[in-house]
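Chains as they are written, first to last, in my numbering: chain A, 5 to 354; chain B, 5 to 354; chain C, 5 to 354.
Hints are computed from structural coordinates only; laboratory data are not their basis. Each hint should be verified, as a subset may be incorrect.
Residues of chain A placed beyond 10 Å of chain B at every Cβ, according to the derived structure [said to hold, decoys possible]:
id: 1; residue: R55
id: 2; residue: V108
id: 3; residue: K188
id: 4; residue: A280
id: 5; residue: D312
id: 6; residue: H320
id: 7; residue: Q339
Simulated coverage check for chain C against chain A, where a stretch passes if three residues somewhere in it have a Cβ under 8 Å from a Cβ of chain A [claimed, not checked]:
id: 8; stretch: 28–41
id: 9; stretch: 168–180
id: 10; stretch: 346–352
Each residue gets a CB set at the ideal place from its N, CA and C atoms; glycine is no exception.
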Amino acid sequence: MDQEIPVGMLAQLLGGKLSDPAAAETIVGGVQPLDKAGPKDLAFLWDPKYREAALQSQAGVVISQEALPGAKAPVLVVADAQGAMLTLLGEVYRQRHPDPEPGVHPQASVDPSAELGEGVSVGAGAVVDAGAKLGAGTRVMPLAYVGRGVTTGERCVIHPHATVLDHCVLGNRVIVWSGAVVGKDGFGYLQREGRHIRIPQIGGVRLDDFVEVGAMTTVARGALEDTVLEVGVKLDDHCHVAHGSHLGENVMLIGYSRMGGSATIGRDTYMLQDSAVGQGRTVGKNSIIGSAAKVLYKDVPEGGKVMDIASGAVGHVRAKRIQLCLQKLPELRTQVRKLEKQVAALREQD
Amino acid sequence: MDQEIPVGMLAQLLGGKLSDPAAAETIVGGVQPLDKAGPKDLAFLWDPKYREAALQSQAGVVISQEALPGAKAPVLVVADAQGAMLTLLGEVYRQRHPDPEPGVHPQASVDPSAELGEGVSVGAGAVVDAGAKLGAGTRVMPLAYVGRGVTTGERCVIHPHATVLDHCVLGNRVIVWSGAVVGKDGFGYLQREGRHIRIPQIGGVRLDDFVEVGAMTTVARGALEDTVLEVGVKLDDHCHVAHGSHLGENVMLIGYSRMGGSATIGRDTYMLQDSAVGQGRTVGKNSIIGSAAKVLYKDVPEGGKVMDIASGAVGHVRAKRIQLCLQKLPELRTQVRKLEKQVAALREQD
Amino acid sequence: MDQEIPVGMLAQLLGGKLSDPAAAETIVGGVQPLDKAGPKDLAFLWDPKYREAALQSQAGVVISQEALPGAKAPVLVVADAQGAMLTLLGEVYRQRHPDPEPGVHPQASVDPSAELGEGVSVGAGAVVDAGAKLGAGTRVMPLAYVGRGVTTGERCVIHPHATVLDHCVLGNRVIVWSGAVVGKDGFGYLQREGRHIRIPQIGGVRLDDFVEVGAMTTVARGALEDTVLEVGVKLDDHCHVAHGSHLGENVMLIGYSRMGGSATIGRDTYMLQDSAVGQGRTVGKNSIIGSAAKVLYKDVPEGGKVMDIASGAVGHVRAKRIQLCLQKLPELRTQVRKLEKQVAALREQD
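The task is simple: from the sequences and hints, build the whole structure.
Okay, here's the thing in structure tokens:
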């Protein structure tokens with residue numbers, strides 16, 4: 005928070021009840037984790053697993069869904085602690101990053117054929133190209149690029165230096181982060197006379213409502229068919245969605261995860277950091293692709309949970325021994341087979 | 005295609021012959037894969053391996069190099085099906101993404117000392133810096149940056165938010181995608197008095213004809229010598245070419261592949277996704293560096309084919325077992341050696 | 005160098021002594037590695053391990069800290085060869101990439117509420133947003149973005165297409181490369197009613213003196229606490245520092261290395277290429293996280309040295325055999341255990 009507020013006022017705002025009415029006079033001015041909060045901070049018990057930390061917290065007030073008898077700090081009990089946290093942090097966030105004023109900055113460039121809905125803002129240095137249609141309340145931040153014929157729904161945010169290329173279709177409240185590129189041509193080539201010849205990529209990109217595209221994340225347009233991200237898909241930074249892929253609702257890609265062309269990921273699936281799904285592969289809904297796992301040769305069924313078998317970090321002396329053994333694994337196997345025969349022969353003799 | 009066209013006209017355009025003359029009246033308006041095309045689409049049999057799919061296709065017309073007796077759809081036989089596909093998709097692509105008008109947009113910034121060839125276009129918000137020389141027909145798209153003293157050949161495309169830094173030299177028809185950075189200083193440091201001191205990187209970058217640099221891909225300038233990408237090199241998205249590396253003709257880097265400084269890759273070599281070549285390493289021509297393979301300690305000879313040994317995705321219960329065994333591999337090896345001695349002793353006794 | 009210079013003048017400039025006074029007349033015009041330099045180049049013996057290459061070098065002059073009796077080239081002996089190299093390369097670099105003139109380019113956009121220190125330059129198309137404060141001599145290069153309320157120390161460089169988002173705090177001589185994004189919201193969500201709901205990220209980012217952020221590298225703002233990079237941290241390209249992480253002095257991240265939220269890395273630690281440190285993990289000072297190593301489940305103590313156990317590149321036939329054995333490792337272990345029992349029984353009988 006950028007301002008100080010008495011705990012009593014906080015209780016009114018969030019509709020909660022104080023364990024200790026005297027705490028109403030306490031002034032808090034910051035939000036901190038339970039174990040780091042001091043008497044001038046507030047802290048949230050937003051997940052029951054942190055109950056012990058909440059009991060020990062030195063915060064000026066702990067906001068919780070349950071009473072916390074024995075807590076060192078005063079407790080503000082609310083009906084929905086997560087909801088209260090989202091509300092309060094959202095308020096602080098909006099104070100720090102206020103919505104820009106509607107309107108087109110004099111140093112922005114909006115093509116005369118573009119259509120801007122009510123309340124749209126276009127920041128300094130931003131470019132909205134020919135035929136683009138921006139839904140009400142959409143914010144094109146400074147130096148963002150919105151290509152020809154792009155359409156967006158309402159209240160989208162295109163951050164500074166984000167790139168949305170020609171004809172991409174965005175739903176409502178889509179967020180494209182700085183450095184993201186949406187609608188780049190897919191990487192498809194034919195070999196002709198010893199050269200790589202690009203196959204023109206004529207598909208599009210569709211980002212449905214609430215989709216979020218992280219910084220440095222690329223979403224390629226389809227070769228023939230559209231690349232589609234359904235409602236609520238969230239892409240972290242440094243991810244890649246290749247041409248013609250289809251991501252079901254709420255799919256989440258964590259940092260550096262990626263997929264080859266025409267891959268399909270079912271709804272509510274997680275791809276953890278640095279994981280990959282190969283070209284044309286299908287992953288069923290509700291699956292988890294573990295960190296660094298590469299789904300290259302086999303599909304993953306619904307509810308699947310796959311892991312990488314070898315990534316990790318081991319002390320370097322030990323790691324070198326394991327590496328060496330791994331390199332000699334076929335020989336070890338041969339040795340074991342030979343031993344099996346010898347032992348079988350010995351047992352027969354007995 | 006953004007317009008509908010009778011199959012007969014298509015036959016004339018592409019110079020082919022229809023299996024069923026009656027099909028000339030059919031109107032098609034889209035291009036789809038063989039297995040997804042409907043009666044209003046056309047589809048290509050561009051690779052003989054899809055012959056069965058072509059026979060079963062429901063397309064309005066299948067364009068093929070060979071007659072397809074028994075095919076469910078009318079067939080348009082052409083001399084070069086791939087060529088026809090490239091022609092037709094190229095036409096559709098150009099309709100959707102028409103070349104910008106030549107000239108400098110009033111909201112672009114072109115330094116007075118820059119030289120623009122005939123037909124060059126510079127889009128809104130783009131910057132062409134001092135002393136840059138752009139060859140005829142080159143397109144600097146909106147918000148692209150062309151640095152001081154950069155020279156390009158003819159018909160290059162610098163996409164929105166692409167960055168070509170000072171003094172890089174581009175050949176003809178080079179494409180730099182949105183978010184790419186060409187000519188950043190290489191990452192070279194000396195340790196002096198407990199600090200990392202940057203070694204000034206005085207080399208350049210040379211991208212020869214037909215080179216393509218993907219979104220989020222970085223090509224660093226050399227420390228002393230130039231970083232060179234020869235004719236026809238294609239870099240996918242999220243790749244990295246480090247300072248002083250040399251890539252031979254037609255080398256292809258697939259997503260997230262990368263190399264350390266002063267690496268050399270021979271012509272026609274492929275680096276598959278997430279592969280790496282370490283500092284100073286050499287990879288011979290016509291090689292394949294498999295997905296996730298890391299060439300760190302040994303060069304790869306001409307025609308080499310190397311793979312990673314451990315990446316993959318395995319069901320998580322089984323994966324944990326394998327991980328555990330892998331961690332204990334040195335002990336397993338010791339056990340086997342002990343067994344060998346014991347069995348040898350037993351066999352001697354017999 | 006962009007100009008030719010007699011070796012004698014070089015000796016005066018660098019304060020050194022020529023092994024062969026006659027060499028003072030030699031004209032050199034380029035800097036090359038010892039093994040590639042010709043008679044018109046100079047070369048540095050900047051690390052004693054290249055002594056043999058220095059002896060054999062064909063350079064016009066070799067600059068060295070020690071006399072090199074028997075060297076084929078004339079030798080210029082200086083008190084500090086690395087220092088001489090940094091000086092000379094720095095001079096060449098400044099000739100090629102001269103500092104821009106102070107002042108605001110007419111096609112830049114600087115918000116009236118921003119404060120620019122003495123000698124600040126803001127290039128064409130750059131945007132400095134409301135309330136930003138730029139220290140003396142800071143250069144905002146063309147098309148760079150400096151967000152609302154950002155503060156920088158003196159002599160920072162924000163390269164073309166770099167993005168520094170709202171309220172980030174930069175020390176002196178911080179460098180942010182093209183395509184980098186500093187201050188993006190961290191990737192934190194709650195699951196509510198089957199949707200991913202973003203947790204507003206109210207922390208900031210602090211980059212201390214001499215920090216360098218590579219191209220395509222992301223530094224996320226903290227959830228509650230600031231993300232902090234202490235003095236001298238150097239981030240290569242394609243790296244990621246997640247929300248609330250803390251990097252001690254001089255930490256170096258090499259290409260594609262990355263960390264989860266709230267990770268802590270002690271001073272002088274190196275994360276080699278493609279390495280990762282998981283959420284909340286701690287790595288002690290003076291550690292080395294090897295290439296591709298993933299520190300996910302265990303902290304690393306001070307001076308730790310950890311490696312990945314399985315990454316590499318092996319001929320593909322052999323690699324497939326190893327992969328197969330690896331998949332069957334639990335069975336191999338079972339076989340060995342069975343053999344142990346059988347052999348023990350046999351030995352007992354004897």
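Hints versus structure:
{"no.": "1", "hint": "R55", "result": "29 Å, holds"}
{"no.": "2", "hint": "V108", "result": "12 Å, holds"}
{"no.": "3", "hint": "K188", "result": "5 Å, violated"}
{"no.": "4", "hint": "A280", "result": "7 Å, violated"}
{"no.": "5", "hint": "D312", "result": "7 Å, violated"}
{"no.": "6", "hint": "H320", "result": "14 Å, holds"}
{"no.": "7", "hint": "Q339", "result": "5 Å, violated"}
{"no.": "8", "hint": "28–41", "result": "violated (count 0)"}
{"no.": "9", "hint": "168–180", "result": "holds (count 3)"}
{"no.": "10", "hint": "346–352", "result": "holds (count 3)"}
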